[in-house]
Amino acid sequence: MAHRKPTKYPDMFHLITPSKRLNVLSKDPFVAEGRLAMPYRYFPGPVATRFFVELRDNKRIMGIKCPDCGTVYVPVETTCGKCFVKTEEWIEVGNEGVLESYTATHYTIPVQPTPAPVIYGLIKLDGADTDLLHLLGEVDPQVLRVGTRMEAVFREKREGNILDIEYFRPAGNH
Amino acid sequence: MGERVGIIGMGQTEHRFIRPDINHEEMINDAVRLALEDADLTIKDIDTVIIDNMDLFEGHYLADGMVVDGAGMYMKPGLKMNTGGTSGGTAVATGWHHVASGIFETVLVIGWQKQDASPSIAALATAREPLYDRGIAAGAVGIFASMGLSYMQETGCREEHAALARVIMADNARRNPYAHLKLDLTVEDVLKSRVLVWPVRLLHMSPTSCGACAMILSNEKRARKAARPPVWIRDLETVHREVSVFRGGCVEPQPAISAIEVAASKLYKRNGITRPARDIDVWELYTPSSWALFPWMELFSICDKGEAWRLVEKEAIRIEGEIPIEPSGGVVSTNPIGASGVIRVAETALQLRGEAGERQVTKKAETGIATAWGAGSWIVMFYLSKHS
Amino acid sequence: MNEELLEIIIPLDLKYKWSAGPHLGAFLRGLKEEKIIANRCPVCARLQLPPTPACGRCHIGMGEDWVELSHQGSVISYSSVVDPMFDAGIGGMRPVPYTIAAIVLDGGPDVAFFHKLEENNPEKVKVGMRVEAVFRPPEERKALMEDIIHFRTIG
Ligand SMILES: [Zn+2]
Ligand SMILES: [Zn+2]
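Going down the list, the sequences are from chains A, B and C.
First residue of the first sequence: 1, per this note's numbering; consecutive thereafter.
First residue of the second sequence: 1001, per this note's numbering; consecutive thereafter.
First residue of the third sequence: 2001, per this note's numbering; consecutive thereafter.
Everything labelled a hint here was simulated from the structure, so no lab data went into it.
Computed from a predicted structure; not experimentally measured.
Please note: incorrect hints may appear among the correct ones.
[Said to hold, decoys possible] The list that follows gives simulated cross-link-like pairs (lysine to aspartate or glutamate, EDC-like), each with its CA atoms no further than 16 Å apart:
(1) 86(A) <-> 1030(B)
(2) 1363(B) <-> 1320(B)
(3) 82(A) <-> 1045(B)
(4) 27(A) <-> 2147(C)
[Said to hold, decoys possible] Every beta carbon over 12 Å from chain A, so not counted as near; a handful from chain B, in silico:
(5) 1058
(6) 1192
(7) 1354
The C-beta atom is built at its ideal place from N, Cα and C for all residues, glycine as well.
The task is simple: from the sequences and hints, build the whole structure.
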């Protein structure tokens, strides 16, 4: 077996500069500003593409159904986690549903789609078994109640993403 | 030593530069379904799931959360690994430890990468210390250039030999339906390709691939009842050292090398492997550049120092040769990084099952070595055998 | 069946604060004062560049044994970067070509310093060539690696 000899450090010591007692360690923290900026690309794949294209072109919210347990997923899932089978049957769920939960954030961070306060709601659309997280509009969070019927408000200009729905508002009272 | 660990199922997707037709979770799901089908198991038989990728390449923190359903992790214990280029090896090693410990009976290991998501080299450069060397570090090509340069200076190897190594890997890849680049190359083609960092040319480097590979490991009790003949991971070894070549006071040439040597000598000693070229029938080494093949062959003691290029010249490393290396076409043909380490083990296991199809090595294959390499100097290596 | 496949571009631009810690911090502050400093392991006597709090081989704290290295040294390895590459630190393409080199500075034969060369013609770069650090003017220094512009060829 071929074995490389390990590097022998001690041979080189006579070449090294003699040590100095430099007093260089400081108690002041050294902090530098850094940045990590990259463009990422995400391919949602054919199933999620259809979900977004339906929003964009037809203002329709589509769900997908697990053939085993019958769960209708909105947003769509390609695999039912519970059954580990591929979902396949497309179901048009209503653009209306029931508010399951909601909250409001009172600070602004860049990843939020709008400045604070941002009112978020979980909406179980008619015919869906899962909750869709989205923004709420035209509501007063102080008087809003879980169980309120909500409807989707679509943007005029739609681009094929989840914000093609601008927000959900209470149904029928406008 | 704990429980014996057998590989009882494997599945990999096709590998391509770009997969607009599928998302991460769906791609993983395809590999998992193939592995379960291969093992004739259902997801209910899986006790825990180990996943790995390099998530900064894809730009999402907590990749685990995004892929749970497709990976079959719903309500199961699991872990996410990321150790750079060795990630796939680390994931298989983690799966091995989970079974060998006796705590889990059946483990699913999944590696994947979708390199169509970002300029991977920019993500790769963040492996460097941000204030010291990130600003000038430039990916992995330079490491292989330095290896190639030193190797040519120390031996009789010429550029033609590295080109021939690349041609052999391309020939192998054309016989592997899963390989990404199935190039029909001549030595001249390689020598004419553009220089990246001399002597590394474009064709010497691995592609940026999208793909996934899943593997099912189990203890002996389950493996004995498996649908396919189990292949045993008899032993493994992992060695890490400083990430950056020039950090922490290293003027040793190519620090990567000594990590390999340390791992190989420990593993061989434990398993009574005295002449690796004779005792091991098939090799799937993680060679991100064809220039890495020569030092790798010597550090894994496949041959004496300075002799690897002669074995390549004699074409002994071909599928029909005495010492078949990278019968799959290797990492230079296919590199979905997080999956690459898992693929090395899976391809070796396929050879030992005798089910590698057109890429099946001619010699009788009963033992194999699979490795994963990364971070400039880290190594995970596996000793596989048909016999427990 | 819909043939369209969506492609979503998600730019990520995050700001970080990196704490160098006392040892790397001392090295970077040293650059501002035109000094390149390393520290030495009290057990194996190996130098560490950049300085670290512990020797990985001996598993021992490095103590207070600091060494100032010469600004001159020899190139032991180099690569010429010619392909444009995306740099997450600047959020765009890094200017090319440039040459990076491992330089053994006089006084520290067991450590290499990693920086750019002024010479960008790979034909003119040789292993063993003598080089010297070119620092920015004092008022432009920020205690960062860029306080050294590059290493110029000497002799
Ligand atoms: Zn279901
Ligand atoms: Zn030490």
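Against the structure shown, which of the earlier numbered hints fail to hold, in ascending order?
Violated hints (numbers, rising): 4, 5; every other hint is consistent with the structure.
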